[in-house]
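As given, the protein sequences belong to chains Y and P, one line each in that order.
Residues 1 to 182, numbered by the UniProt record's numbering, are exactly what the first sequence covers, in order.
Residues 1 to 182, numbered by the UniProt record's numbering, are exactly what the second sequence covers, in order.
Everything labelled a hint here was simulated from the structure, so no lab data went into it.
There is no bait here: all hints are sound.
When chains are identical, the list treats them as one kind, so a pair holds in a single copy or across two.
For lysine-lysine, the following DSS-like pairs were computed, each having C-alpha atoms within a straight-line distance of at most 25 angstroms:
(1) K111 / K140
(2) K21 / K163
(3) K140 / K49
(4) K60 / K49
(5) K111 / K163
(6) K111 / K49
Protein chains: 2
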Amino acid sequence: MTTADNGVNVQALLDARQALKDAPDAALFTWRASSTWDHGVHSTTTIEKFHGLGAEQTHKAQSTFESDHPAVFAAEDNGITPIEYLLVGLAGCLTAGVASVAQNRGIQLRKVESVVEGSHDIRGILGADSDVRNGYEGIKVTFHIDADASRQEIEALVAQSQKRSAVFDALTNPTDVTVEVA
Amino acid sequence: MTTADNGVNVQALLDARQALKDAPDAALFTWRASSTWDHGVHSTTTIEKFHGLGAEQTHKAQSTFESDHPAVFAAEDNGITPIEYLLVGLAGCLTAGVASVAQNRGIQLRKVESVVEGSHDIRGILGADSDVRNGYEGIKVTFHIDADASRQEIEALVAQSQKRSAVFDALTNPTDVTVEVA
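Turn these sequences into a full structure, and let the hints steer you where they fit.
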């Protein structure tokens with residue numbers, strides 16, 4: 001019997017997995033963001049509603065995010081750069097995965113920290129060299145984990161988290177993105 | 001002679017493009033996020049410093065972001081889900097691109113709004129169907145743009161923005177992501 005409590009309701013997730021096997025339409029979520037240009041390269045994006053379980057859903061609170069570029073890009077730095085938001089998502093997703101897998105395996109976590117670093121050759125977006133891609137050359141995530149588990153068990157947690165991570169998949173594999181003018 | 005002013009210092013970007021052609025090392029940026037697990041699937045990520053132009057750089061302010069899952073995932077909804085952060089980044093990047101390209105082409109923008117929707121079959125992350133991917137099935141961006149330009153010119157702005165977008169590239173093409181335990 002495990003007494004580990006990482007605050008993840010694993011039973012609810014296992015129940016959802018079973019329920020959604022028989023109701024695939026309910027598993028189709030649409031996440032949604034609304035963005036408004038402010039000035040220069042500064043924009044503000046809000047997230048509040050999404051669709052899932054066959055119905056419109058609302059987050060507990062509306063969240064607002066500023067995107068801008070720093071002074072070294074001749075901008076006003078009213079928020080992080082758009083590409084940095086990908087690092088935020090990756091860190092959040094892998095960390096949630098580590099907590100969930102640890103809970104499922106009865107491993108008590110004490111501390112989970114990570115540093116995510118994205119290597120970006122900005123000659124791509126500036127159009128200085130057409131052989132340089134616009135996005136990250138690569139991303140490195142380094143976890144520091146303190147848990148009631150062996151190093152091998154901790155490495156297995158991280159590996160399983162990657163395997164089930166939505167953001168890890170979205171960054172390591174291509175996604176079709178359609179852009180339209182209304 | 002154009003009088004368009006969208007607040008983008010295009011000359012500085014063109015100068016940077018020229019300068020970085022002759023100094024490729026300065027173009028190598030490293031963006032960085034630090035994340036701490038809070039409880040359950042809730043984590044907090046901060047962004048403040050980055051490396052670029054051959055030196056350590058600091059944003060004007062530290063930014064903090066909460067990642068969590070909503071109540072329908074049996075979580076506390078202390079922030080948006082990690083995968084929603086990808087939509088924030090995409091909206092911010094394409095919008096900054098539209099403003100920059102419009103400035104370069106002498107087109108005055110009055111309003112730029114967008115809605116970004118990501119289709120996500122959560123059977124993937126729940127492990128309910130191994131044929132379903134973990135990430136987005138697809139993402140759709142819809143722009144509403146009011147500008148001193150024809151519809152064709154506006155569509156061309158959006159097309160050029162995609163072509164130079166760091167986040168559009170990062171989502172539509174694969175990136176190598178390495179995850180380690182320190």
